[in-house]
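Student: If you want the building blocks of each chain, they are given just below.
Number of protein chains: 4
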Amino acid sequence: MQLAIIGLGRMGANIARRLMRGGHQIIAFDHNQRAIDSLAEEGATTAISLQDAATKLSRPRIFWIMLPAGAPTESTIDALLDLASPGDILIDGGNSFYKDDIRRAKICSAKGILYVDVGTSGGIWGLERGFCMTIGGKRASVDHLDPIFETLAPGLGTISRTPGRIDNGSEDSRAEKGYVHAGPPGSGHFVKMVHNGIEYGLMQAYAEGFDVLKGRSSDKLAEDERFDLNLTDIAEVWRRGSVISSWLLDLSAAALAENHTLDTYSGRVADSGEGHWTIEAAMEECVAVHVLSAALFTRFRSRVEGTFGDKLLSAMRFGFGGHVEIPQ
Amino acid sequence: MQLAIIGLGRMGANIARRLMRGGHQIIAFDHNQRAIDSLAEEGATTAISLQDAATKLSRPRIFWIMLPAGAPTESTIDALLDLASPGDILIDGGNSFYKDDIRRAKICSAKGILYVDVGTSGGIWGLERGFCMTIGGKRASVDHLDPIFETLAPGLGTISRTPGRIDNGSEDSRAEKGYVHAGPPGSGHFVKMVHNGIEYGLMQAYAEGFDVLKGRSSDKLAEDERFDLNLTDIAEVWRRGSVISSWLLDLSAAALAENHTLDTYSGRVADSGEGHWTIEAAMEECVAVHVLSAALFTRFRSRVEGTFGDKLLSAMRFGFGGHVEIPQ
Amino acid sequence: MQLAIIGLGRMGANIARRLMRGGHQIIAFDHNQRAIDSLAEEGATTAISLQDAATKLSRPRIFWIMLPAGAPTESTIDALLDLASPGDILIDGGNSFYKDDIRRAKICSAKGILYVDVGTSGGIWGLERGFCMTIGGKRASVDHLDPIFETLAPGLGTISRTPGRIDNGSEDSRAEKGYVHAGPPGSGHFVKMVHNGIEYGLMQAYAEGFDVLKGRSSDKLAEDERFDLNLTDIAEVWRRGSVISSWLLDLSAAALAENHTLDTYSGRVADSGEGHWTIEAAMEECVAVHVLSAALFTRFRSRVEGTFGDKLLSAMRFGFGGHVEIPQ
Amino acid sequence: MQLAIIGLGRMGANIARRLMRGGHQIIAFDHNQRAIDSLAEEGATTAISLQDAATKLSRPRIFWIMLPAGAPTESTIDALLDLASPGDILIDGGNSFYKDDIRRAKICSAKGILYVDVGTSGGIWGLERGFCMTIGGKRASVDHLDPIFETLAPGLGTISRTPGRIDNGSEDSRAEKGYVHAGPPGSGHFVKMVHNGIEYGLMQAYAEGFDVLKGRSSDKLAEDERFDLNLTDIAEVWRRGSVISSWLLDLSAAALAENHTLDTYSGRVADSGEGHWTIEAAMEECVAVHVLSAALFTRFRSRVEGTFGDKLLSAMRFGFGGHVEIPQ
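Protein chains in written order, with the numbering used here: chain A, 2 to 329; chain B, 2 to 329; chain C, 2 to 329; chain D, 2 to 329.
Hints are computed from structural coordinates only; laboratory data are not their basis. Treat the hints with care, since some could be wrong.
[Unchecked claim] Computed cross-link-like contacts, DSBU-like style, restricted to lysine-lysine with a CA-CA straight-line distance of at most 35 Å:
(1) C/112 - B/221
(2) C/57 - A/100
(3) B/107 - A/221
[Claimed, not checked] Listed next, the stretches of chain A that the computed footprint assigns to chain B, with coverage defined by at least 3 CB atoms under 8 Å from CB atoms of chain B:
(4) 118–130
(5) 313–319
[Stated by the list, open to error] Over the 12 Å line for every Cβ pair with chain B, so calculated as not near, a few chain D residues:
(6) 126
(7) 156
(8) 185
(9) 218
(10) 294
(11) 305
(12) 318
Note that the Cβ used here is the ideal one computed from N, Cα and C, for glycine as well.
Looking at chain A on its own, in the form it has when it is part of the complex (with noise of 0.2 Å):
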């Protein structure tokens, strides 16, 4: 099929380019030329502008915006709303909030143009691997993508199938190659969020258990519990024959076996909307999410040295004890 990709950083340009290498057509726009230039020379088609995709575009015509989340996708879209003809088809793949989706596609429909959302898991990996995707928007859209979400997705692999898991019609058979579609308009992006938000819980346990290791050489330890142990090794072993087996795993085992200490790092970790996104569902469901939010907030944390709240806990040992805590 033949689309344009609006976006061409890390996520866009391996979008474009596993499209390309699966006989997709793309018309590749980016504000930055270089970015541009660059799929170019791999076989896309460039713009100059929106309104040049739009142009080089045949109809019905398909954009994918592959931008951050927020205004710039937020911008581009309103821009296209003014380029896009009845029966074009608006496609967000970045980590948009679905709220944002549920209410673009509306607008959207107003106007006759489809608008289709769809979470992109794979991160860097998926030019190789391929995208996971859970994708929200009408069937009829959906369907008509197909091709290219069939070229994106992983497909079958090497995973083993799904032992009790019949096609008898109730499943949706393209989730075993790695991409479903979800449901209405936003859903997609609501799956993905919290396949995040799940995400982030993954990798707290695993740095909480890693740390729970590490702090067993303690010297404050009775010597005969204290243990020193190889965290490489640790994590190598587990990725095989455990019930702790991940993919998360397996890039801390690669990480820790370049860096035994992970020095390099400052321990100050970064968080983007999802996960925060993830504990506002939950909160709107009633639903108790103690593993997310807490994965959530230890970023938070990671970032903050001496919490108000902190030296009020030191205040009010003072306060009652005559505590004095030690200064930094």
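Given the coordinates of chain A, work out where chains B, C and D should sit on it, guided by the hints.
Tutor: Same frame as chain A, now just chains B, C and D:
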């Protein structure tokens, strides 16, 4: 009554003082001679050793041990077990682990010695306000010691009586005076331990609330959603008529009145054993303690910079997304 | 002063009463005629509609809205915007979301109407104890309303003054009387929201502590480590001299005095919006709120039986270990 | 090699089988005669008692104990201490508490007996997939047993090797085959314990995520923000190309493929000791484990209806606000 106070630190000295003011006769012993001298000036009889204290007491002898939990208390009790005679009473008024009380009470019992554990709250304010005490031990020994406890306790004071509370014999009338016979040996310290567990939780609730108030001035927020709140006034206003008024809030208000920024504190917060033991007890009982544990862990976290776990998070993020965490 | 009270529920009626007792003149309106009649007997002027209330007030008119947050408050403010004239003051004394205040204050401002948000704590006890109030709005309007706030507030009362607090102008002298001008529109409700967030955390700390006390009677524990504690007495004893004394503990002691087992409660606990909004605010500010969130999630969990997540845990356990979970 | 397997439950029998398939000679003992008979049919030599097993082994004798932690393991080790001679090796392959290993290793050492603790992961899948093992004990004994461990372990298999991992002697080459010598006695079980702690955290992260997905169909949400998601397909799609792919997700996908609603499970989730011990170890080390503890507490909570703590919350809410909680 006549009793020996072993350990004249902040708490022990004030207990001795409040007892002397109530007409009791104190034999004072400590490894620090100045601590003994200071009490002697206020009317205490001095002892130069545990042996000396034992000699100066009439029978049945009462030893109130007020030492740090662990080795200091343990070795003193060992020594007193040799000095004491059947009918004598050992009181551990410190913060011992309740399972240590259970073990010691059995050893004492085999020798005809009585063992009483007293969980003592009130901090440095106890001399003035009285000490809140929860007492474990055999009924007879606890009843025998009642004059001591009554003197130490706050009494009814100016605190309003609980509506609906009736003295029909099912409740312990001492509770209204600020002390209570909780149950068999160990139960006094068990209840005090849970008290401290709750204390951690309450403190952390205030700490987080004030952090949210303070965080509202962040210049990352939209200008009209940003407030520069006077935390000193807010702590003060909540002292009157609000649902969250408490003694800990009183102390917070006083600390903030003295220093609005609390910048004399580093934010590294210590913990004593009780918070930890409360979680252990909860786990033995299969009771969920999300808040009490989070309060303890927050203190652990306050004393570290850049945990290994946080570094591992960054390493994974780099692994799957090529995210480069900003170095410290 | 003269003001209309719109909404005569538990809180609104008591506010009207306390104001009348303080010599203020009340125009009372509610959709429930009986609520109006009841206030009329106590001296209020009645209104049969918002329009009628507006007519009966002299200018500048003061409307105190005391309705459930959300639609009831929103529609009333919409109606009053039509009835009000420049210089009139709308007070939202309910539990509105602070961002709604910010939005409404802008709309009011464009019409020359003043908007004041009052976070009101004190529950059903406010009539007697006074209401603790945190107020958002422009200084001139807050100052104009001072006689109203002073009457409603608890005043200095019998609560001891904060040591170290000085009235040197840097602090708000109103704070000691139980009300404070927190800042611009929205800040009054923001502070009240955080108050409620803290309230959830405090309550959960007590709840967990009492659960640990109660769990100690479990017959799964070793016999000498098992205590059958009198929770009623323990709540009572902690009211005097302990570090964890508070108004919430007073209420707990009263509830336990009335019913030791609390078996009239199902254990399904509601939550209003403030706990949720506090977590949202914290996430906007990147502030870690482990305790406040855990307190909220525990309430969510209390209202469900057998979550899907828990079933999934059992399914995984069966998957890797053949563990068969005991059916309900 | 020749060794006795003591305890032929699910795990012990499969270990025996995998060893026999690898050419090792097994003396099988269990209190259940049918378990012994079943192994005998597959080639094991049978023993009618520990004494008999000891007699049938050539020296140095190797006893692999695979029994429930606690009393069964403890009493068997006591019995073997009497039967064993210097140079014999006792292996505890169960889930013992690591401090028990440390204690036992000392007792064994005094008698010239070698003690090795093996943390064994892999559940019922180990026969097929191989067992992931972390081993504690003296180097000489662990090296001597290497043929056994190599047979039991998964080996390199089809799992891709960790990029950057080099065998320059600083790492243990066995880790890539799925087993590792972790350190001195106790360290094998310690690492396995943390493995299970992490396992709880991972499982809970998925459980919460799926709860958020499921909760999105709630009719309390606005209609266009409500999604009726196919959880079976979503679990499946995340298996390919997503960041959160893992073996636990594979198991979840299989469980959901078999039963979309998981309604055969009650939602009451058991826990074995390791989750609890991991938290204890973390507290000893002052390491914050918000996620691992929350995962454990959620299981505790899943097994209770209407906690006392929740009732106390309702009682307080009634106390300050007159809120009447809806009875069950």
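Student: Can you name, in rising order, the numbers of the hints this structure does not satisfy?
Tutor: 2, 10, 11, 12
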